[in-house]
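> Which chain is which? The protein sequence lines are H and U, in order. Mind the numbering: the first sequence is residues 0 to 362 in numbering that gives the first Met the number 0, read in order. Mind the numbering: the second sequence is residues 0 to 175 in numbering that gives the first Met the number 0, read in order.
Rather than coming from a laboratory, the hints here were simulated on the basis of the structure. One or more hints might be untrue.
In the DSBU-like style, the derived pairs of lysine-lysine whose C-alpha atoms are separated by at most 35 Å in a straight line are [unchecked claim]: (1) H/Lys170 - H/Lys322; (2) H/Lys167 - H/Lys34; (3) H/Lys223 - H/Lys180; (4) H/Lys34 - U/Lys83; (5) U/Lys99 - H/Lys34; (6) H/Lys46 - U/Lys169; (7) H/Lys335 - U/Lys83; (8) H/Lys315 - U/Lys83; (9) H/Lys322 - U/Lys99; (10) H/Lys289 - H/Lys246; (11) U/Lys89 - H/Lys335; (12) U/Lys154 - U/Lys169; (13) H/Lys269 - H/Lys180; (14) H/Lys180 - H/Lys194; (15) U/Lys83 - H/Lys322; (16) U/Lys154 - H/Lys46; (17) U/Lys154 - H/Lys34; (18) H/Lys269 - H/Lys315; (19) H/Lys322 - U/Lys169; (20) H/Lys46 - H/Lys177; (21) U/Lys89 - H/Lys46; (22) H/Lys167 - H/Lys46; (23) U/Lys89 - H/Lys34; (24) H/Lys194 - H/Lys167.
Some chain H residues flagged as far from chain U (calculated, every beta-carbon gap over 12 Å) [what the hints assert, rightly or not]: (25) Glu81; (26) Ile208; (27) Lys223; (28) Asp236; (29) Glu241; (30) Val287.
Please read these numbers as outputs of a predicted model, since none were measured by experiment. Ideal Cβ positions, reconstructed from N, Cα and C, are used throughout, including at glycine.
Residue strings, one per chain:
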Amino acid sequence: MAERTLTLSIGPQHPGAGHFRLIVVLDGDIVVDVKPDPGYVHRGAEKMAEYRTYIQNIPHLERPVIIDSSGILFPYVLASEELLDLPPPPRAQYIRIIMAELNRIISHLYWLGIYGVFVGHTTMFLWPVGDRELFIDLAQMIAGARVTFAFFVPGGVRNDIPDDFPDKAIKVCNYYEKRLKEYEKIFFYNPLVLKRTQGVGILKREDAIELGATGPNLRGSGVKSDVRKDEPYSSYDDIDFEIPVYKDGDCWSRCMVRLGELYQSMNIIKQAIKKMPSGPVKNAKRGVLKGIEGEAFARTESARGTMAYYIISDGKPYPYRLKLSVPSFRCLSLMKHLLVNQHVADIPAIYWGLDYWPVEADK
Amino acid sequence: MMGVLVGKLSEVIEKVVDEPLSYVINWGRLYSLWPVHLETACCSAEFGACHGPRFDAERFGVLEAFGSLRQCDLLIVFGTVTRKMMPRLKLIYDQMPEPKYVIAMGACAIDGGLYFDSYNVLPGIDKIIPVDVYIPGCPPRPEAVVQAIMMLQEKIRRNKAIAIGSWIRKKFLKKG
Chain H
0 MAERTLTLSI
10 GPQHPGAGHF
20 RLIVVLDGDI
30 VVDVKPDPGY
40 VHRGAEKMAE
50 YRTYIQNIPH
60 LERPVIIDSS
70 GILFPYVLAS
80 EELLDLPPPP
90 RAQYIRIIMA
100 ELNRIISHLY
110 WLGIYGVFVG
120 HTTMFLWPVG
130 DRELFIDLAQ
140 MIAGARVTFA
150 FFVPGGVRND
160 IPDDFPDKAI
170 KVCNYYEKRL
180 KEYEKIFFYN
190 PLVLKRTQGV
200 GILKREDAIE
210 LGATGPNLRG
220 SGVKSDVRKD
230 EPYSSYDDID
240 FEIPVYKDGD
250 CWSRCMVRLG
260 ELYQSMNIIK
270 QAIKKMPSGP
280 VKNAKRGVLK
290 GIEGEAFART
300 ESARGTMAYY
310 IISDGKPYPY
320 RLKLSVPSFR
330 CLSLMKHLLV
340 NQHVADIPAI
350 YWGLDYWPVE
360 ADK
Chain U
0 MMGVLVGKLS
10 EVIEKVVDEP
20 LSYVINWGRL
30 YSLWPVHLET
40 ACCSAEFGAC
50 HGPRFDAERF
60 GVLEAFGSLR
70 QCDLLIVFGT
80 VTRKMMPRLK
90 LIYDQMPEPK
100 YVIAMGACAI
110 DGGLYFDSYN
120 VLPGIDKIIP
130 VDVYIPGCPP
140 RPEAVVQAIM
150 MLQEKIRRNK
160 AIAIGSWIRK
170 KFLKKG
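From just these sequences and the hints, can you work out the full model?
So, in structure tokens, the structure goes:
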């Protein structure tokens, strides 16, 4: 058996991997064993958080998921607000929802662009990456940066939204909802894409729960679980939206879940703009922020799944310990489960179908 | 007398051979920059946006990073280089054929940036490999990436690819 197999290293310098290595053992073109090798971008975010104040922690904590920077910061502000005793005003909660959903769209469109390249559909690289700029423009109107916003702060958000933002946001959402119909026609129901993704990398419902999948990967396997619905945070309970769930558990279902989320995110943005109350956007408390002694836990639904923070404070201006639980790290156990007994050619479709972002997993 | 003759000869060679040949060679190198696909950290997301329809870096003569590293002549270091990535970065740089150029993208690649005091981050890649163009920013905007590519092309354009004239001067004239 030993002489029949071939060990192949995919990454870190490989068009299909990027800051990540996948050691694949092959028999012919069937994958026999997979060893994921993460850690190429481990930058010690948790350790760094211990010698930075609660405010100074904001910029470096959003770098791990640069395309979903609000998503990773959301639970951090929720947990640190609990420790710093800084409840956010109601308007700030709605602005946070808008920003988080804009970021979810930006992240999913980036994923869709790269997935298009991975399954051999180059048009699907250019369309989402081009349309993503519209949403980046919207986020830029609010926060001033293209991808790293540092917009959420403990006690609210940094600034109010500009006056012309609501009109422009609704215009862009209306345009993009029409545009997504074309996406469906050219990509999601394209025979080539269906051949590459349907029935490939099937993750059964029980396995998904057992292996700890979160987010779209879990919902692609038929489990209706979303933190926004299960434990509503930050006024998500005021907003009426659906959770897309698909039962098959293959790559195509995971794609369709993300497509459904694009529709739902735009729906949420429109509703949040309508329901937004007026008032201040930031807690008026000033001065050196010291955490009360104790611990706080918060979890939210980021673009890739459940993002959770656990912060312990000992009464100093900086956290005693910060634990960050990221959804991408859970993909590593899924990868081993899904890639074995598949063809080599299916590796890119399965690997990127999980929306694994190595920088996030390495922290 | 000999010195004057050699000097004149080298000038003629410079004008007739070196300059036209250098121009042609540089022209060939300028608009066919192929980056290696080595994503070291998060700046790669903005490099992806740089090849989207809005910024379209390809019209300036740099391709998307999907080539084999043996055919590439440009290494863009996308941000943070950790201790695990460091030996691989050096290995990849050494495997690339000459001429090769390096762009350090983002504050992390310049001096560690936001992660200057992290235990696992290399403070600046110029300690391992030579860098041609630095792009500041965290992450740099796609416009800045395009500008860096144009600056690199300007650098290649000024390069003397063939220098027989100055070689003659160095060889036969003691005073230079």
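> Take a quick look at whether lysine 89 of chain U and lysine 34 of chain H sit within 35 Å of each other, Cα to Cα.
Judged against 35 Å, a Cα distance of about 24 Å means the pair holds.
> Straight-line Cα separation of lysine 269 of chain H and lysine 180 of chain H no greater than 35 Å?
holds, 19 Å
> With the threshold set at 35 Å, check whether the alpha-carbon distance from lysine 223 of chain H to lysine 180 of chain H stays at or below it.
Cα-Cα ~24 Å, so holds.
> Is lysine 89 of chain U within 35 Å of lysine 335 of chain H, Cα to Cα?
holds, 30 Å
> For lysine 34 of chain H and lysine 83 of chain U, compute the direct alpha-carbon distance and say whether it is at most 35 Å.
With a Cα-Cα distance of about 17 Å, the restraint between lysine 34 of chain H and lysine 83 of chain U holds, given a limit of 35 Å.
> If you draw a straight line from the CA of lysine 167 of chain H to the CA of lysine 46 of chain H, is it 35 Å or shorter?
violated, 41 Å
> Mind checking the alpha carbons of lysine 194 of chain H and lysine 167 of chain H for me, to see if they're no more than 35 Å apart?
It is violated: about 38 Å lies between the C-alpha atoms, which goes past 35 Å.
> Find the nearest Cβ of chain U to the Cβ of valine 287 of chain H and say whether that gap is larger than 12 Å.
holds, 21 Å
> Would the hint linking lysine 99 of chain U and lysine 34 of chain H be met if the CA-CA limit is 35 Å?
holds, 33 Å
> Starting from lysine 180 of chain H, check that the Cα of lysine 194 of chain H is at most 35 Å away, please.
With Cα atoms ~20 Å apart, lysine 180 of chain H and lysine 194 of chain H stay inside 35 Å; holds.
> Lysine 46 of chain H and lysine 177 of chain H were given as a pair; does the straight-line alpha-carbon distance stay at or below 35 Å?
Violated. Lysine 46 of chain H to lysine 177 of chain H sits at ~45 Å, over the 35 Å cutoff.
> So if I understand the rule, the pair passes when the alpha-carbon distance is 35 Å or less; does lysine 154 of chain U with lysine 34 of chain H pass?
violated, 43 Å
Violation of the numbered hints given earlier is confined to hints 1, 2, 6, 9, 10, 16, 17, 18, 19, 20, 22, 24; the remaining hints are satisfied by the structure.
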